[in-house]
Amino acid sequence: MTELANIEKNDGSMPVFPVDRGYIKRKKFYNNIAVFFAVTAFVIGSFPVFHIIYEAVAVGHKYLNWRFISTLPTGFPIGASGGILNAITGDVYLIIIASILAVPIGIGTGLYLSLFGKKRTNSVLRLLNELMIGIPSVVWGIVGFYVFSTNAGLGFHFGFSALAGGFTLGFIMTPIITLLTEQAVSQIPAGYIEGALAMGATKWQATKSVIIKAALGGIFTGILLGIMNIVGQTAPLLFTNYYNTGMPTGVTGPGGAVGDMAMLIFIYIHEPSRILHIKAEAASVVLLLFIFVLDLGLRLISYLTKRFLS
Amino acid sequence: MAEQNEIKAEVKNLNFYYGNYHLLKDINLYFKKNSVCTLLGPSGCGKSTFLRTLNRMNDYTEGAKLTGEVLIDGKNIYKKSVDVVELRRNIGMVFQNPNPFPKSVFDNVAFGLKIHGIKNREFITERVEKCLKYAGLYDEVKDNLHKPAFSLSGGQQQRLCIARAIATNPSILLMDEPTAYLDPASASIILDLITTFKKYYTIIIVSHNIQQAGRISDYSGFFLDGELIEFDEAGNFFTRPKDKRTENFITSRY
Amino acid sequence: MFNLKYKDDLYKLILSVFVLSVISVFLIAVIVILFYSYPAIIRYGFSFLWVKAWNPPKEVFGALTFLIGTFTVTFLALLFAIPFSFGIGIFLQEYCPLFLRGIFTVIIEMMAGIPSVVFGVWGVLTIVPWLRQSVEPFFDRYFSGIPFLRVEENIGYGILAASIVVAFMILPIISSITKDSLASVPKIAKDGALAMGATRLDVIKDVSMPYALNGIYGGIILGFGRAVGETIAVVLLIGNQAVIPKSLFSVGYTISSLLANTFTFAVISPIYASAEVELALILLAVSLIINIVGRNILNKVIGGRFNRSRFGGG
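Protein chains in written order, with the numbering used here: chain R, 1 to 310; chain Y, 1 to 254; chain H, 1 to 314.
Just chain R, same shape as in the assembly (with noise of 0.2 Å):
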């Protein structure tokens, strides 16, 4: 390659400078090293992802079957024998309650800036919904409580409850549902719209016709990324809602306490015992599925949703 280095001069008066071949050397080998960091990054940043799965899977196996799902924890402490049928009756009741309250308001909000707002508007509402995705969920935990579970003051008065968490988690669940649902709305091709409405339909009938169907992918994965986000939620629920062993028989008072999964978790590895520590990896592992199906259900509407829309 000499030859093709060491051109001959094009013009008096631009001088050739020679191949620093040490230079372009050194040069590659430090983008080698910048390679070797950055798998050693990816490599070590992963890792947790990995060990989890298989700490946990390694851990609790031996509670992996359909006993454990399916009966509520008994014995002394609480939860040494039995399994973790409390904690998943009570994510549905929190799923339920929280997507009551997020899933209308998220939507409409979400429509509402997409066909309604002016730019002001939007700008404030989007920056609202942003800082409360952002507010840490220990205070939504204490805002829940005094709007929702406590007993003196002003409030709903719920009681440490299945509806009092549930609401809890609803306002984390709500502002995610919103900015998904304008961003699908956003997505539509122009066209579609407006040229429903240049054919006379009301934006309602737009809404109806044209919009929910084309933005139904994106609301759904809203919805789905709400859920998954609520589901690993233990922070608002340990001021809004009592642990309960057993199965709730109301959603408010003391009868309303729901067992979740999170709390579960959180109590059993408190416990210097090493069942209930195993027990806690076998939750992990339940709710790690839960989400993770949750996960692939969201990549699949988003690959459907590509699919379809194109």
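Hint data in this document are derived by calculation from the structure and do not stem from the laboratory.
Some clues are possibly wrong.
Stated by the list, open to error - EDC-like mimics (lysine to aspartate or glutamate), calculated; alpha carbons at most 16 Å apart, straight line:
hint, chain 1, residue 1, chain 2, residue 2
1, R, K27, H, D9
2, Y, K80, Y, E69
3, Y, K32, Y, E233
4, R, K208, H, D8
5, R, K27, Y, E129
6, Y, K198, Y, D225
7, Y, K114, H, D206
8, R, K27, Y, E86
9, H, K205, H, E59
10, Y, K142, Y, E129
11, Y, K25, Y, E69
12, Y, K114, Y, E126
13, Y, K119, R, E55
14, Y, K130, Y, E140
15, R, K25, Y, E62
16, Y, K25, Y, D225
17, R, K28, Y, E86
18, Y, K244, Y, D232
19, Y, K103, H, D206
20, Y, K79, Y, D59
21, Y, K199, Y, E227
22, Y, K198, Y, E62
23, R, K203, H, D8
24, H, K187, Y, D59
25, R, K208, R, E194
26, R, K203, H, E94
27, Y, K12, Y, E69
28, H, K187, Y, E62
29, Y, K114, R, D20
30, H, K205, Y, D107
31, R, K28, Y, D83
32, Y, K79, Y, E6
33, Y, K130, Y, D107
34, R, K25, Y, D83
35, Y, K75, Y, E140
The hints should help you fit chains Y and H onto chain R, whose structure is shown.
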């Protein structure tokens, strides 16, 4: 000045595949030293891909496969022993959109020198000035050498990219529709630049503007669907095309 | 015609109700926190921020211990997470072969979805024993003279354990935003550098980074916001003792872990509860500021592009 007839680069039986697509089909052509060669064709005909095979920019395209030879000064650049960094120092490239780096005007031109290990400030300063003068930009930016390159107009940015490309002393300049996004006045300046530059460089330009190509070329080639339909001296190419398809293109039926 | 217009007005009205609910949820959150922290704000004033003591029976409340704990954990977590996130972002966007990029990105996104409590369990069963059995004895033997590295109690729990786990939790946010910012660099600019004989590293250093840097700052700020409020994993790992940490291996307490552990008892006494809500107010204020700043930066760089890793499991 070198002899007009010496061959600078030659392409033999070049085939290029991307996945299942056969993008370039058996290309054979040569580039004479210190000449301007324009490659014409409708968009999507593979001419830009072809240009990028000449400095191995397609190396980074995953799923790409290439057979055949590209000889520069008689050496096959696709041989394992070839150092891409050195190869590219010898081949300047100017892109469709002006693409200055997010740096000052000065640092843009100095970039090539720095990445090839030149640290001598005086040498760099002198070279930057010279390249800017060659690109006809010096007078316009001499007071603003340390302003960000993005503050220049589109035409100025493109000349900056040319100055940047010649800073490392290449012997070949590849230009991928260098005037496509410029206003006619700026485009005209660049075309004049190209005509003066052929004293120093072998220039290969991809274009779909037939008038511009006719004005500056010594040689011309016509690409269609990945095939090189015709390649000839510009005089013959534009006035007496041998192939019907070339004639249709030149008379703007595509 | 009247009918059509009327229908849309009704539709708008119904949607407006939802919008008002969102606004009121936000306002309720802010008002509740302000209202219940008011007694403490009035009683302790600014001294709340620099008083060290936290003594509920004597009604002496100062946040300093917890502020220091919170920001120590946050800064250490960022310190650990930033280099790795950089590396991961650069790896995924610049070096990773295309056919692996998708699956590797999914792995990082999966990490963002792992709940806080599961990270906490992992910390208790993996990181803590590792620190106790390997790291702390090592530091005790070789670095015991250095003040910030002294091992006081060889228990594994403490600032370091919490910071390591929180670092892993914010890693997906920062690395995926780094990746997105790098992806927003125009390809043609990178091609320009490559065509001159630049290596990938040259391109990253001289072309991509100047473009992407602002976005990366935004990612770091959001990571900061997430780390500040992190609760459950920290409760499980930090040791929960109201002392100002003197070394990497000290135990400590953060605002959020204090709230998680004591808020339900605190509500028995109004002023105790109020002091705790004032701590929550600090968290709230920090999160609002952080998110306003981070969001503005990010919107400029990656145009508010949707990034999944921003909603991790709490």
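Problem set entry | Hints violated by the structure (numbers, ascending) | Numbers 1, 5, 6, 9, 13, 15, 21, 22, 26, 32 and 35 - these are the hints that the structure violates, sorted from lowest upward.
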